[in-house]
Amino acid sequence: MNTTPSIPHPARQIGRILRRFGTLIGFFAIVLFFWSQRPDTFMTVRNWLNITQQISILGVVAFTMTVVMVMGDYDLSVGAMASLGGIAAALLFQQEMPVLTGIAVALLIGVAGGLLNGVLVSLVGITPFVATLGMLTVFSGVAFFISEGETIFGRAIPEQFSDFARGGIPLGTIGEQAVLLPNLTIVALLVLLAVWVLLEQTTFGRRLYAIGGNKEAARLGGVRLRLLRLIAFAVTGVGAAVAGLMLVSRLASANPTQGDGLMLDAIAAVFLGMTMSEEGEPHVLGTLVGVLILGVLRNGLTQLAIDSYVQQILTGAIIILAVTLSRLIRRAS
Amino acid sequence: MNTTPSIPHPARQIGRILRRFGTLIGFFAIVLFFWSQRPDTFMTVRNWLNITQQISILGVVAFTMTVVMVMGDYDLSVGAMASLGGIAAALLFQQEMPVLTGIAVALLIGVAGGLLNGVLVSLVGITPFVATLGMLTVFSGVAFFISEGETIFGRAIPEQFSDFARGGIPLGTIGEQAVLLPNLTIVALLVLLAVWVLLEQTTFGRRLYAIGGNKEAARLGGVRLRLLRLIAFAVTGVGAAVAGLMLVSRLASANPTQGDGLMLDAIAAVFLGMTMSEEGEPHVLGTLVGVLILGVLRNGLTQLAIDSYVQQILTGAIIILAVTLSRLIRRAS
Amino acid sequence: AQDDITVAVVTPYLAQPGTQFMVEAFQAAGEANGWTVNVIDTAGDVAAAVSRLEDVAAQGVDAIVINVDPAQVSVGLEAAAAAGIPVFGMDAGADANLVTNVTSNGYAMAAETATYVTDRLNGVGRIVMFTFDPYPPVQKRGIIADAIFANSPDIEIIDRVTPDVTDGGIADSRARMEAILAANPEAGSISAVWAAWDQPALGALQAIEAAGREGEGIVIVGIDANPQALDAIAAGNGFEASVAQDFTGIGGTVADAVARHLAGEIIGQGVIYVPTVLVTAANVAEFISE
Amino acid sequence: MMSSTNTPLFEVLGATKEFGATLALEDASLTLRAGEVHALMGENGAGKSTLIKVMAGVTHADAVAYRMDGRPVHIGGAADAFRLGLRFIHQELNIVPQLSVAENMHMGQRYPRRLGMFVHWGELYRRSQQVLDTLGVGYISPRAIIARLSAGDQMLAKIASAFMPDAGDASRPARVYVLDEPTAALTGEEAERLFGVIQALTAQGCAVLYVSHRMDEIFRIAQRVTVMRDGRVVSESLIADTTPDVLIHDMTGRTLETLYPPRQSAISPEPLLSVEGLVTTKIRAVSFTLARGEIMGVAGLSASGRTELLRALMGADRKLSGRVALRGKVVNWISPRRSWDRGLAYVPEERRSQGLVLSRSIEDNAVLPHLDAFSRGRVFVNRRRERRETESLALATRLKARHPSQVVRELSGGNQQKVVFARALAGRPDVLLLDEPTRGIDVSAKHDIYQLIRQKSADGCGVLLVSSDLPELIGLCDRILVMRAGRAHAVVSAANLTQADLLRLCYGEKIS
Ligand SMILES: Nc1ncnc2c1ncn2[C@@H]1O[C@H](COP(=O)(O)OP(=O)(O)OP(=O)(O)O)[C@@H](O)[C@H]1O
Ligand SMILES: Nc1ncnc2c1ncn2[C@@H]1O[C@H](COP(=O)(O)OP(=O)(O)OP(=O)(O)O)[C@@H](O)[C@H]1O
Ligand SMILES: [Mg+2]
Ligand SMILES: [Mg+2]
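Chains as they are written, first to last, in the working numbering: chain R, 26 to 358; chain A, 26 to 358; chain C, 36 to 325; chain D, 66 to 577.
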């Protein structure tokens, strides 16, 4: 390969790192700020394990959302799907079905719903926004319909199932209490790993990135556009169903709206992560940073006992500041 | 002289119309269906005037949302801006400020918020999703903060102001009751007209389409990208504030969340409208059809007295069906 | 003439358990009377509730029942008035445009749980409050609790949280409580959680259990006595009290009022209160159905 | 006639531009004179387009100065350049697809207005039609949505936009025209008309900067030529004082023997690809047979269906009827994926919209159709093999890039084209379907690509080569299929064929 005459530049390497990791630096700044404000309680193992557990559900949705967003699509129905998957499993539990049956059915619903989204987007050719917004309404309606709008809780949820969210892998003890790496955190990490391998290490992921970059070129280059889009939506659907199950386990109850808030946050996390890639494409590790920013802000601001309304203002402002910073650094370098 | 080897086709003209107006046909199908089901109450002047009034607020948001979506951007903060604008005006009313002052301040907030969005998107270079989602949180937080989370109603809202939404231009009488063309409908029509002229008849609008079609080409061609994007976001911000005022007038009360539901519906309406343009770009008349579809569905399904949950499922399913139909027609022709 | 009577119930809040009970009781009573009951939920959207009111007014139903703040839907009420359709409040709020409003006394409920907490703490302690002001019936409760706590100089409000309710109210409340627990790690640094309705109290309970701090005797109270809260009270892990509204009673009373009005009777009372009961471990068994 | 003044009209001085580790321009200066066509030449990646973008104010140089009529001027953005009377056709086709031809032609300027603000559509179309007429492309309707035109017509419409008279301020007419490889996507006839317009402009005293890799054009229309290499200006001379060989040497530092390497091996009689009665919406009943080792050219006027023939064979467009047999076996389900798997390789007509994923790396693009072959168990990407293959392809095509992981967007136009070509060689293809494969590629790299095509054919590959460059067709091909109005008009042997004969065939005449 011919190489271009390149001028050595001392600050280049640093500039490049800053450029890529501006958002990460923003994240660390946020962490440092909370640490300095709450030196005793924020930077503790327990609090961080807590945070990981709190964001684990959002994480699973956001990680799998990354899969469709890599193709330039998005899926607005994930929150409703999480609610639906959770409700469906809980209803089966209520009928005294085995736990595994409930889980399997929820996952199947996730696949089926995802495939339906995929069919609408990829075979029929409806824009993802309209297709998945329509499906959001449908999923949510079905969740209400089958649950008759009621919350399922208490003995209906088997202990075996709700204990899962309480448990974890012992990491050691602090004081006299055992410190656990929460099971939900482990699930989220496994999903993260799976999505990372899928997107960054497999031919499937490569092709998704090609689709995201240029659909027509990808098609002419032999990428089976329709099939891959279909599969990608199914993956996102399963992710949402997994998140729905995690919610039921964590809350020991199921409610037809309990996943609804996940959608906007998940998309926001992916977009936050996108600010970290040179070409502005989503990457699942970037998404992780996005999820962490959202989770840490929530935890830290609550620890500061800031008024809920001000907290909301600050959340928005801090996110924008962090991203602005990362843009300005990139501009400057 | 090059001519395309064209295969003659008798149905081409019809095909073309179907292709463009598939979604419109879907809309008429929906109307016909409700008409046949509720022959006495659905297709009445009074009911349609009602529908126009009900969708007028969504309409204003969706029409002005079209302005940014033409550029390929979107604004997630419109709902929060509507809430904020409304609350701000109501608070001033509560302080016994003149009605016009309240209106002016709300509009100013709309412009300022829109410009802020514009600065973030166009000057700083943050993706519209992150920028406007961040601002959504901020606006909503501010709305809560200044209202202390409370609903402002009753005598705080001047009658002069809430009467506006009740009034209208007399069209005649049916039976013994006067039939009014509601003021809110008139406002929406004026906004529609203004946006149509702006987008379709002015250089400014055509530039926005150029930006949406190919940013790079627009930039190379000397279009002042940044300035135009800034202005477009300001227009959307004002639109949201107007909608917020309309809400306060219609509900005779202001609440820090009352506009929140507008955002998704407005974007959905624009996307629905996009299915009607050949090249898939937004047009404000298409947006109008989108708004009408959403409004008529809600009105009609309510009149059919269908269970709320089933109604929700049907809403999603019908929208998807209508769009699928329009896609298949297009595919076939 | 009762056989083809149609009654529309309009509410943005059907997802809430309390509303469900009221609506179900109303439906049961209505169907027993031979009415067609049309329940319309606008999924939290108040402006849409106005539109739906206009729709059913245009459709010409015989009566309308609302479960939403009448001040916010006054336009819809006028549409009904213009069409000559009577409107009844079901836990809605007093309004001149309503024939009557059947409800529990929200101020009284908050007073009961707030005084319960004050008394349990003997007037000394640090309290976390979960409130939600944008929804007027809940906002009232917060006001009363504020006043009662303010009256005890040794009670300190360490946080007044407005949780995100898009998830049903439990999940976010739990995350927020976890952060508060982390910020107040010493045993005894939190004495009580006062929640303006049950979901945040349940979230707080879960957070306390997950943090292994259920032994500290943190007193948790909610309002509404929803079934999940009743279970929690019965379990005796810290969720000590809630207030049971008689939702079934409200629904039935509304149906009764509608029937009376349609029969030509004049209903004099603008508001009909249905009594509430403080539920604690002592009487919870009576409330847990089967 | 040629204006006599030849005074410096516009100067760009000391332009320096660094892209990360790439020094795209290093102290490059250029002087354009009134009444002169000034050619700018250089290998792919030499910095021509970057210099032009700096002139246009759309790329911000690290250092640069401009002078107009000898006075310093400031260019901070496209609008400034426009106001100074500079008009540009950039290398890549920058159109707004969903707008009309007329609107695309008015991108840089205000639309004619009524009542001070409303678009005066009638006037807009009229003005556009006028310019299209002067370019001899009046058949293009200014009302047409530009995305619906053929690639060639889109380019013509875009070129026309540079010749739009200024609507706002007639006292400041355009004086400098800068055309970056305008003819790369044009047929000979269309290019001729463009040259006519250029000549008329210089006669009026305008200056023209003209970039092309086509030596014959440079010698026909330019008076002066500047050669760039690695971001620097290496020579400037009057056309009258130089020769193609000198220019090539200035550009590359080497001399080329013959551009078209002769055939060295015999064509096998074995038919590789046979097509019978192929019909799509764009082509009608095309039949031919391609033998192993044969290079078959495809000639035709624009919109004759050449592109569509390749697209149909590749499965990019749906086949309506007809029979396609590969290696003697009829193939039925044709799709791009299956075609690549069957050993067909494809270079599409438009590299940026159809060929490349600009946001991805060179290696990602190069192996995209063959990902399964560069994977472990068809699941995991094998980065080492991918890198090795990319590096050897880059060497073979003389790709100028920093690293195989460099993003394709950052490459010069010609180098992007090389990536598309390299990709077609990556799997071991049996049939090469090449649509204008050397578009925008410099002379010496063209030479190498011709050699690669020859070598592939010697290895038993069949090649279908669509080109608007008649010498290329005649020089490289064994037989030429002439398309006309969607039909196969004739198949002729390229031996002893003259350009004039070939052109006549394209116009539908029969020759004996
Ligand atoms: N995007 C398009 N939409 C509609 N018609 C098109 C499109 N692209 C090409 N065509 C039509 O297809 C026919 C052949 O296209 P094209 O001009 O690409 O053929 P060609 O022989 O390859 O010529 P050239 O490559 O020189 O442009 C033309 O009639 C053209 O108008
Ligand atoms: N945006 C960019 N980022 C990084 N490098 C760039 C960018 N644009 C151009 N370059 C580099 O600058 C150099 C000059 O590119 P330029 O496009 O000016 O070449 P050119 O002479 O026009 O070549 P061609 O004949 O292929 O069009 C190339 O090495 C190219 O890779
Ligand atoms: Mg170039
Ligand atoms: Mg072609």
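Hints are supplied without guarantee of correctness; some may be wrong.
To be verified - Distance ranges between label pairs, derived from CB positions:
| no. | chain 1 | residue 1 | chain 2 | residue 2 | range |
| --- | --- | --- | --- | --- | --- |
| 1 | A | Ser302 | D | Gly181 | 34 to 40 angstroms |
| 2 | A | Lys240 | D | Asp198 | 29 to 35 angstroms |
| 3 | D | Ala144 | A | Gly192 | 44 to 50 angstroms |
| 4 | A | Ala54 | D | Pro162 | 43 to 49 angstroms |
| 5 | C | Asn272 | R | Pro195 | 47 to 53 angstroms |
| 6 | A | Gly192 | C | Thr71 | 43 to 49 angstroms |
| 7 | A | Gly200 | C | Gly303 | 28 to 34 angstroms |
| 8 | R | Gly197 | C | Asn157 | 46 to 52 angstroms |
| 9 | D | Gln195 | A | Lys240 | 26 to 32 angstroms |
| 10 | A | Glu184 | C | Arg155 | 20 to 26 angstroms |
| 11 | D | Leu180 | A | Met68 | 37 to 43 angstroms |
| 12 | A | Val204 | D | Gly181 | 37 to 43 angstroms |
| 13 | R | Leu353 | C | Gly252 | 37 to 43 angstroms |
What the hints assert, rightly or not - Okay, the calculated bits of chain D under chain A, using three or more residues with CB under 8 angstroms as the criterion:
| no. | segment |
| --- | --- |
| 14 | 79-93 |
| 15 | 177-184 |
| 16 | 452-466 |
It is worth saying that the hints were derived from the structure and are not from the lab.
The structure displayed is predicted, hence computed values, not measured ones.
Beta carbons: idealized from backbone N, C-alpha and C, even for Gly.
Verification of the supplied hints:
Range check, A:Ser302 to D:Gly181: about 28 angstroms between beta-carbon atoms, so the 34 to 40 angstroms window is missed. About 31 angstroms separates the C-beta atoms of A:Lys240 and D:Asp198, a value consistent with the hinted range of 29 to 35 angstroms. Distance hint check for D:Ala144 and A:Gly192: the Cβ-Cβ separation is about 48 angstroms, which falls inside the suggested range of 44 to 50 angstroms. At roughly 31 angstroms, the beta carbons of A:Ala54 and D:Pro162 sit outside the given window of 43 to 49 angstroms.
The beta-carbon spacing between C:Asn272 and R:Pro195, approximately 23 angstroms, falls outside the hinted interval of 47 to 53 angstroms. One distance hint, 43 to 49 angstroms for the beta-carbon pair A:Gly192 and C:Thr71, is violated here, with the actual separation near 34 angstroms. Remark: the range hint 28 to 34 angstroms for A:Gly200 to C:Gly303 is upheld by a beta-carbon distance near 32 angstroms. The hint said 46 to 52 angstroms for the Cβ distance between R:Gly197 and C:Asn157, and at roughly 39 angstroms that hint is violated.
A hinted range of 26 to 32 angstroms for the beta carbons of D:Gln195 and A:Lys240 is consistent with their spacing of about 29 angstroms. Checked against the given bound of 20 to 26 angstroms, the beta carbons of A:Glu184 and C:Arg155, roughly 47 angstroms apart, lie outside it. Roughly 40 angstroms separates the CB atoms of D:Leu180 and A:Met68, a value that falls within the hinted 37 to 43 angstroms. Look at A:Val204 against D:Gly181: about 39 angstroms separates their beta carbons, and that is inside 37 to 43 angstroms.
In this structure the supplied range 37 to 43 angstroms is violated for R:Leu353 paired with C:Gly252, their Cβ-Cβ distance being about 51 angstroms. For the segment 79-93 of chain D, the stated coverage by chain A is violated: 0 residues have a C-beta nearer than 8 angstroms to a C-beta of that chain, whereas at least 3 were required. Counting residues of the segment 177-184 of chain D whose beta carbon lies closer than 8 angstroms to any beta carbon of chain A gives 4, which meets the minimum of three for the stated coverage. Under a criterion of three residues with beta carbons nearer than 8 angstroms to beta carbons of chain A, the stated coverage of the segment 452-466 of chain D fails, only 0 such residues being counted.
The structure fails to meet hints 1, 4, 5, 6, 8, 10, 13, 14, 16 from the earlier list, while all remaining hints are met.
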